[in-house]
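Taken in order, these protein sequences are the chains called X and L.
Per the UniProt record's numbering, residue 1 is the first one in the first sequence, and the count goes up by one each step.
Per the UniProt record's numbering, residue 1 is the first one in the second sequence, and the count goes up by one each step.
In short, the hints are calculated from the structure, not lab data.
Beta carbons are placed, not taken as given, at the ideal position from N, Cα and C, and that holds for glycine.
One should not assume that every hint holds.
Stated by the list, open to error - Simulated restraints on C-beta separations: (1) L/Glu183 - X/Thr446: 32 to 40 Å; (2) X/Asp45 - L/Pro249: 15 to 23 Å; (3) L/Pro249 - X/Gly196: 22 to 30 Å; (4) X/Gly11 - L/Glu304: 47 to 55 Å.
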Amino acid sequence: MADLDALLPNGNYRSRTRTAVTDVTGAEVAQLSSVPTLLVTRAMDTLRDTDPMELDKRLAALRYAGELFATGSVDGMPAEEYFLLAARIGGLPITVIREGAEVAARRLAQIGDSISLARPHGAVADWRDARTCKGSAVWTRRGEVFSVHASGTHPGAHSLWPEALALGYRVAVRPTRREPLTPYRMVAALRAAGFGPDQVVLLPTDQAAGDAILAGADLAYGGDDIIRKYADDPAVLQQQPGRSKILITEDVDWRDYVDVIVSSVANHAGGGCVNTTGVLVEGDPTPLAEAVASRLAELPSLPPEHPDAVLPVQQLASAQALDRFLRSKAEGTRSWLGGDGILHDLGDGSAVLRPAVHQVDRPDSPQLGAEMPFPCVWIGPWIRADGIEPLQDTLVLTVATEDERLVDQLMAEPGIGNVFVGRHPTHWTEPGLPHDGYLADFLMRTKSVIRG
Amino acid sequence: MTDILDLPFDVTPDPDEFIKAAMEWHFNPETGSPFWLRKAETLDFDPRADVKSHHDLWLFPNVTNELRDVPARDLLPRAYGIGDVLGVFESGGTTGAPKRVLCTKDWMAKLLDWSCANLDLFGFPQDADWLGVLPTGPHIVGELFRRSAAARGGLGFTIDLDPRWVKKVIAQGRQREADAYAEHLIDQLEFVLRTQPIGVLTITPPLLERLARRPELVDLVNDKVKAIRWGGTQLDQDTRDVYKNDIFPDVTLYGHYGSTMILGIAGERAGLTDDDPCVFDTFSPYVTFAVIDPKARRPVPYGERGQVVMNHVSKALFLPNNLERDLATRIEPLPGKVGDAVAGIAPVTRFEEEEVIEGVY
């Protein structure tokens, strides 16, 4: 049984009050400590009183931390053991965890380049830069202390916020109780790699102490219950559902896009905000829905630690709740896959969430935005007269078209986060590219500086 | 017959003899209060004949809600004169309109004797001045505070806090205002702590946390204060560890759990280790608790969680079966005492259709 301590400025902290962390069968696999408000406020005060390390040291530590996270032993836990345990707790397939960790390592290694790409063209990174002698914009932090309230169970959820450390913030991470192992490993790796314990802390807490984390930070980001409560606060950046989509116009052959659609829906076990939720096709969506359904039906039902697992697993009770939710959501649609249930009971208290494909008859069907934590896609018809309104509120849009005028419109639409033109799955990304805008857009501002 | 009601604090009466005497006192037309004498006419039993033991207190209905409206004078047993009254006190007002009780001088004297004896067990200093950040009125805790300081040879400095206002502000989502008020209280506390020889600090756990965020105040407390008496809301064990180990290592921490409706407090049990939860014992048999399953109206087993029912039985007041807003773990009482001890107090989140908000109190 693992003990997941809090990681405070003066070291590991193990509370008397602890919460059980369970695997997908409901078996207890770890005990998570809980930091009382008193220690939260002291930790936040310490972060504020600490100066950031030098930039080159920060970047070197981030690179090393990424290596440790993905391949090393952190707090005595080898990487393979972490992959296995994270898969058993969060229910994502072990290959997804492993790949996610590799991506995280790559992101952390290139974080210096990434933040340079995010910096406005006219701004320098340091006021000491010679350009400020004649007058220049300088890129500066909007605050000193950043709090992270990530709710995801994918390692990728903990590979974006380290940018804040690169930018000189001190960071407090509140792990989700559902899967605290990944944020624990990331913070422990950052510390082992050279960040002082007064630079980055892990604060598992109840609600009240969670409020104190947010109150003690200048800026906050994430998607947990605390963040949702303060979502209207301009100092809070809320992670939203992605509702990512694919649009195919009639001047391209949809058959060339079946691979892209299947990958967009099901890659990384289909639970991410960059996985496709809705597909709109100009013309009859029926053959496309049929083709996608037959491909997704082939995916095997396996426990998360199996090397061939590709689908997510949850405790039976929560899986059943999702199944019921999907059925009520799908009323009035045509089911191609999963209409008679999406569960595959593994018989040990857990169940595989199998893919679902439904056909809707209008481009403004509410189901097109119904994002689920497993491969689930809603496919519907679209004509030019519908315009791009059905595509608003989309994190990633892949568009298959020869119509540049349409691409112009999609680029200009503020409700679309990212636009991929051609055969690129919606989960495609590279370090240095914005996910939902650059995180640095939220963390940084520019100042005019002249000196000498 | 009434002698048994007038015993010194350290002589524990036989609990059943005590109850019989109390019934005779409160339900005899010569001595009882107008409130209870009226009430007795509506009961389907005769308290003087039928209530023979502590356990029989269950026969009585919970009349606490009537204390929101009844003229406070009607609560005074006829055998007392108005000159025997120390004051009229009100409940927190957490759950709607406040409830009122009268406290007599003889009860306060006995309660103080009992309370001071417990403070001695925890090594509270004599002749030290006290500083309390607490409601000075209309709740009983302020009165008890000043008299405790005086009884132990000290001056009682108070910073008034209005818990009803804080709870209202928090209920309206005006957290910033609540924070500003709390900081204002700490600012005031600092003036006294800086200039006066304060040996005992009485404070609520949320305010103690704010104090602990100011290093200069932590130093002042460590320099001057021998004992911190906390109450009003709970102090969890993890937080208590931090105070004991890191912040106030040489200061005695002592908790009390009070309610105006019992005219007093339950005090922390002495002699436990740091690994034990903080256990509160009542001034039994005058004040007794029961930890019950409110639906079944039955005590929960020892070690289990339930809702707290409070009884006050003294010459001054009879108030049985007051179902409080708090949840607690039922703990065995000290040997020879009736009623339950409690630990791990936490408010129920909704009570009598009002949301319960803890605030700084």
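Each hint tested on the structure:
1. L/Glu183 - X/Thr446: 32 to 40 Å: holds (34 Å)
2. X/Asp45 - L/Pro249: 15 to 23 Å: Cβ of X/Asp45 to Cβ of L/Pro249: about 19 Å, so the range 15 to 23 Å holds.
3. L/Pro249 - X/Gly196: 22 to 30 Å: Check passed, 25 Å falls within 22 to 30 Å.
4. X/Gly11 - L/Glu304: 47 to 55 Å: Since the Cβ atoms of X/Gly11 and L/Glu304 sit about 36 Å apart, the hinted range of 47 to 55 Å is violated.
Hint 4 alone, counting from the list given before, is not met by this structure.
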